[in-house]
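*Asks:* Chain residues, written in single-letter form:
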Amino acid sequence: MSPRAVVIVGAGMAGMRLADEIRRRDPDGERVQVTVLGAEPGPAYNRVLLPGVLAGTMSAASVTLYPQGWAEDHHIDLREGVEARAIDTAARTVGTACGAKIPFDALVLATGAEPRIPPTEGLSGEDGTPARGVVAFRTLADCLRISADARPGVPITVIGGGLLGLEAARSLAVRGCAVTVVHPVGHLMERQLDTEAGAVLAKALTRHGVRFRIGRTAARYLPGDGLKLDDGSHVPAELVVVAAGVRARTGLAEAAGLPMAGGVVVDDTLRTAHPAVYAIGDVARHPGATPGLVEPAWEQADVLAGLLTGTDPQARYRGTTVVTRLKARGVDLTAMGETTTDPDDEIDEALRLSDPARGRYAKLVLRDDRVRAAIMLGLPDAAASAAYYYTNDVPVPEDRLAVLLGRALPPAAPAQDPATLADTATVCRCNHVTKAQLTAAWRTGAADAAELSARTRAGTGCGTCVPLLRGIAGWLAGREQEAS
Amino acid sequence: MTGTTTVAPTHCPYCALQCGMGIATTAGGPPSIEARRFPVNDGALCVKGWTSADLLRSPARLTTPLVRGRTGLRPASWDAALDLIAAELTRLRAEHGPDGVAVFGGGGLTNEVCYLLGKYARVALGTSQIDYNGRFCMSSAAAAANRAYGMDRGLPFPVADLRAADTIVLAGANPAETMPPFMRHLAPCADSGGLIVIDPRATPTAERAALHLRPAPGTDLALALGILHCVVEDGHLDQDYLAERTTGFADAWRAAAAWWPERVERVTGVAVADQRAVAGRLAGARNAYILTGRGAEQHAKGTDTVSAWINLALALGLPGRAGSGHGCLTGQGNGQGGREHGQKADQLPGYRSIRDPAAREHVARVWGVDPGTLPGPGRSAYELLDALGTADGPRALLVFGSNVAVSAPRSTRVRDRLAALDLLVVADIVRSETAALADVVLPVTQWAEEGGTMTNLEGRVLLRRRAVAPPPGVRSDLAVLHGLATRLGQPAERFPTDPETVFAELREAARGGVADYHGVTYDRLRAGEQLHWPVPNTDHPGTPRPFLDRFAHPDGRARFVPVTHRPPAEPTDADYPLTATTGRVLAHYQSGAQTRNIDALVAAEPEMFVEVHPDTARRHGLDEGDPAVVVSRRGRVRATVRHTPTARVDTVFLPFHFPGDHRANLVTNPALDPVSRMPEFKVCAVRLEAAPADGPPDEGRAA
Chain A
1 MSPRAVVIVG AGMAGMRLAD EIRRRDPDGE RVQVTVLGAE PGPAYNRVLL
51 PGVLAGTMSA ASVTLYPQGW AEDHHIDLRE GVEARAIDTA ARTVGTACGA
101 KIPFDALVLA TGAEPRIPPT EGLSGEDGTP ARGVVAFRTL ADCLRISADA
151 RPGVPITVIG GGLLGLEAAR SLAVRGCAVT VVHPVGHLME RQLDTEAGAV
201 LAKALTRHGV RFRIGRTAAR YLPGDGLKLD DGSHVPAELV VVAAGVRART
251 GLAEAAGLPM AGGVVVDDTL RTAHPAVYAI GDVARHPGAT PGLVEPAWEQ
301 ADVLAGLLTG TDPQARYRGT TVVTRLKARG VDLTAMGETT TDPDDEIDEA
351 LRLSDPARGR YAKLVLRDDR VRAAIMLGLP DAAASAAYYY TNDVPVPEDR
401 LAVLLGRALP PAAPAQDPAT LADTATVCRC NHVTKAQLTA AWRTGAADAA
451 ELSARTRAGT GCGTCVPLLR GIAGWLAGRE QEAS
Chain B
1001 MTGTTTVAPT HCPYCALQCG MGIATTAGGP PSIEARRFPV NDGALCVKGW
1051 TSADLLRSPA RLTTPLVRGR TGLRPASWDA ALDLIAAELT RLRAEHGPDG
1101 VAVFGGGGLT NEVCYLLGKY ARVALGTSQI DYNGRFCMSS AAAAANRAYG
1151 MDRGLPFPVA DLRAADTIVL AGANPAETMP PFMRHLAPCA DSGGLIVIDP
1201 RATPTAERAA LHLRPAPGTD LALALGILHC VVEDGHLDQD YLAERTTGFA
1251 DAWRAAAAWW PERVERVTGV AVADQRAVAG RLAGARNAYI LTGRGAEQHA
1301 KGTDTVSAWI NLALALGLPG RAGSGHGCLT GQGNGQGGRE HGQKADQLPG
1351 YRSIRDPAAR EHVARVWGVD PGTLPGPGRS AYELLDALGT ADGPRALLVF
1401 GSNVAVSAPR STRVRDRLAA LDLLVVADIV RSETAALADV VLPVTQWAEE
1451 GGTMTNLEGR VLLRRRAVAP PPGVRSDLAV LHGLATRLGQ PAERFPTDPE
1501 TVFAELREAA RGGVADYHGV TYDRLRAGEQ LHWPVPNTDH PGTPRPFLDR
1551 FAHPDGRARF VPVTHRPPAE PTDADYPLTA TTGRVLAHYQ SGAQTRNIDA
1601 LVAAEPEMFV EVHPDTARRH GLDEGDPAVV VSRRGRVRAT VRHTPTARVD
1651 TVFLPFHFPG DHRANLVTNP ALDPVSRMPE FKVCAVRLEA APADGPPDEG
1701 RAA
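Taken in order, these protein sequences are the chains called A and B. In terms of my numbering, the first sequence opens at residue 1 and continues consecutively. In terms of my numbering, the second sequence opens at residue 1001 and continues consecutively.
Check before you lean on any hint, since a few could be wrong.
[Said to hold, decoys possible] Using 25 Å as the maximum straight-line C-alpha spacing, the simulated DMTMM-like pairs for lysine to aspartate or glutamate come out as follows:
1. A:228 / A:126
2. A:435 / A:393
3. A:435 / B:1607
4. A:228 / A:238
5. A:435 / B:1034
6. A:435 / B:1575
7. A:435 / B:1505
8. A:435 / B:1500
9. A:203 / A:355
10. A:435 / B:1191
[What the hints assert, rightly or not] Which chain B residues stay away from chain A? Per the calculated CB distances, all over 10 Å, these:
11. 1068
12. 1269
13. 1627
FYI, nobody ran anything at the bench for these hints, they're computed from the structure. Glycine included, C-beta positions come from ideal geometry on N, C-alpha and C.
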């Protein structure tokens, strides 16, 4: 049997991951022949790490996903700079910009998404491309363009106070730019945060040098000058970074007549309405996946690789538990679950902590001891454990306060005062010596710490208890003196 | 007390620190232990060391060979026992070929015994089937060190160097309980707030830490990658060091790049801020060390996990720099020497590969045999045990210094395989659980009763002199091997019984090898020289810090190894919702065969327990002190519930020192590391049940 021809359209994080997962299961290409078409020239990179590139803490080279020659070594026909133009579902071919028709047994759409430029006057030219001084924050090339202008003190305006916009803003603040975020909605990250969290977040980011214009819309862009807002005010900007959402790149699929719902609709096998066409990543719409995040794309690649290679015909994608994590230096924000709907007082337990002065906010909604929703801002430990409980469906400890704070309150410190230390308390763990044994040794003639140690072996192991041992010797001596 | 007391210098018989101590003997009285200044312990000892002499005169000692008859094990003469073994081995070899008989060694045996055991297997038995319990201990660390540095010397620096460190990361190690005097070397760093401990449990070691990270069991690899990520992102890479002393960073980074800290946080439960803090503290330290232990290593991905920690150390330029470094904390007394002299399935003495034609030729010449007669590599420890008595597996097994019925994973299976043998021979000092299953039991000498060398965790070769006479009827392991070899027709001089004579031969066999002992002599050790291998000749001062100038690969560079995280072999699910992890307690050692026979230690830790978070225990209706059963797909272990508020709610801890249906290994998962063949002792999926009151023993019943 000749190997099945799989053509992947899109050489980004989703498409390349799928090629990689296929080759993990079928290293020599015995089951599947893989062709990847990448419209953009240049190697695939890790989009998650772009805030680091923007902040200047990571190099462009360090975010590359695969080394030169990797595809060839893994029998993957990677065609960079080759754009897919049309799918002929009847003939099962995909046509490219250069006129070639590539036959497939299975076609995978992994074309991702493209930034949405708001219809603000002056932001984009007539052909829809961004105007001079306007850059979307989406690709590595975008990052490098922004970086080139991001000198200390340069005024930059970010349009969009969602996850990506705030990551960009914080990164640019790291570089010393004068950053202003313009966000049209009433609070930041409104899809993940409630109003109060949004306000605390704005305050926290302000402390890190980001300014905000919240609830305002850009009315007009004047190149080289800045933005005029809907209240008539002016925000200076040598550069405008647009992070106002994305839309799935569905052109190919729409032209092929596949059903859409903001993206190409897929089932649990990642199949579209056409039996030979699949979609993964940001271009796909699955009810259990949140677009824009890499985890769903990678989990989908894992499932689809099992299906396409036949190594796991039962594999199904059931959705991804999403935890939103802001990658912004100095600001620790995590959100998960239904954070924006009110908890049901009958069945949910809701806990809140608000400390705006110190940039801290926690909201935890529990049901049956499980995390149903959480926002953790400025509480890194609590965020990590809440996300862990949520992801792994682990019941949270009874000590709710500890869960909310990320650590248990220190227990009443064990008495290290020789006088009040219980007789049964272990002083030396290495040699299992209690205070009572030390007292007994004293009574039978030990006169200082060294002699206590010689008689009981306390303090002869790891040495940690030696200060306490000295304290006990002093206390015993003092008691003796009093008695005489 | 009467008579003159003489004190002989010796070393503790337990862990790899090999604390110096004195053994005092008085005519007519029992021997006792005295403190002795020695660089690794500075006179300190833990309760195991202090009580170690108790076992010398213990009523539990075996003093006569035992042979199984119709009514069980019965005393027999040495000649009868050895004749019987030799006859059976000869018969089984004739029927099943040389690989029909197998040998299992231990990491507590002296270098001389390890060496002669390997020689006995390869030359007298001609079998490839030899491995040892160090496979369950050091194999992942050894494999990772070999691929990174070209040499596996647990600590490539003396332990005392740690006293000058300002940051130390302990990844999966709990020395406060497993080698307490070692904590003295960590104390200066801990006292100044520089100790970082990575452990799912809040151990006594973690209590000393300024920063304690608690990853979910089985996620240490992801954590190391996340910290490496922070090192790169925060600009801590030591670029000059990478360029001058290493190769392969780009590929290792590409594998690690997919594990950014936020992703790692979700997998491990360790906050990004803490990952970043570790990176920052290591990078900001003048002297920094990363030390790994079994917590990182005893996984089906243990080798890659250690590689991830080594990659981190290399990225920061720590290994091979004076005052900094990476190392692993070896477990067993001779865990280091035990992996160098040929009792490992793929090794010949001097840490030589049995696949290397030059190594085979060298060793065969020393042994006076044709290199072509030496067998190739055999099965690894668990695979060997798993094959016993099967169609193409060995029919006989000789066990020295190991208690596999308790210490190997998936005990029920191991017990069944041992029972399927035609011949099981166990040489031990007490009637261990494995000895109780044997056809022939041979009573042998222990530490203070025999001479020999040990190599401690820092590659220091130590001379342990004979200090007390063994009980009548007991023979040394060397004498046993001599007796068995000569009965199989080997020339007597090929299997000497005098340790120094054996060592002289070992020096030749190891000469020019990675672990070169050629320059070590008993005379030099008697004179008090501190010798860390390699010691290529008798004028050589030894090599306490072997990587200062170059690593042991031919190009002198350390190698980054690209590694990536994957989940534990057995994830939790609805039926087995908790993770079980295993480990040691202070009062006991390994399978407990020795320590369970010492009253003071039994009094300190008398019974099997399971550490459970109080919430988790309550959900199961279990109070403190209740009897419980921990159940996995492979078996059931009975244990008393110990409420542990510091435990993770999703994890239970089982100590592995107890026998019978209290064996932690009844539940452990024998999923093996693809490189080191280390079983996954540290993580498996279990559920917790209340124990049926006075139910029938349910050991091994399938869950």
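*Asks:* All the hints need checking, so say for each whether the structure fits it.
*Replies:* Right, here's what the structure says about each hint:
In summary, the hint linking residue 228 of chain A to residue 126 of chain A is supported, as the alpha carbons are separated by about 20 Å, within the 25 Å threshold. About 44 Å separates the Cα atoms of residue 435 of chain A and residue 393 of chain A, which puts this hinted pair outside 25 Å; it is violated. Under the criterion of a C-alpha separation no larger than 25 Å, the hint pairing residue 435 of chain A with residue 1607 of chain B is consistent with the structure, at around 24 Å. Among the hinted pairs, residue 228 of chain A with residue 238 of chain A is consistent with the structure: their alpha-carbon atoms are about 13 Å apart, no more than 25 Å.
For the suggested pair residue 435 of chain A and residue 1034 of chain B, the alpha carbons sit about 23 Å apart, so the restraint of at most 25 Å is met. Proximity of residue 435 of chain A to residue 1575 of chain B is assessed by CA-CA distance (about 45 Å); at most 25 Å being required, the pair is judged violated. Our distance criterion of 25 Å between C-alpha atoms is broken by residue 435 of chain A and residue 1505 of chain B, whose separation comes to about 53 Å. Taken as a hint, the residue 435 of chain A and residue 1500 of chain B pair is broken in the structure, with Cα atoms around 47 Å apart against an allowance of 25 Å.
Proximity of residue 203 of chain A to residue 355 of chain A is assessed by CA-CA distance (about 11 Å); at most 25 Å being required, the pair is judged to hold. Restraint check: the Cα-Cα separation between residue 435 of chain A and residue 1191 of chain B comes to about 24 Å, which is no more than 25 Å; the hinted pair holds. For residue 1068 of chain B, the condition that its CB be more than 10 Å from all CB atoms of chain A holds, with the nearest at approximately 39 Å. Its beta-carbon lying about 4 Å from the closest one in chain A, residue 1269 of chain B breaks the requirement of being farther than 10 Å from that chain.
Non-interface status of residue 1627 of chain B relative to chain A is upheld: no Cβ of that chain comes within 10 Å, the nearest being about 23 Å off.
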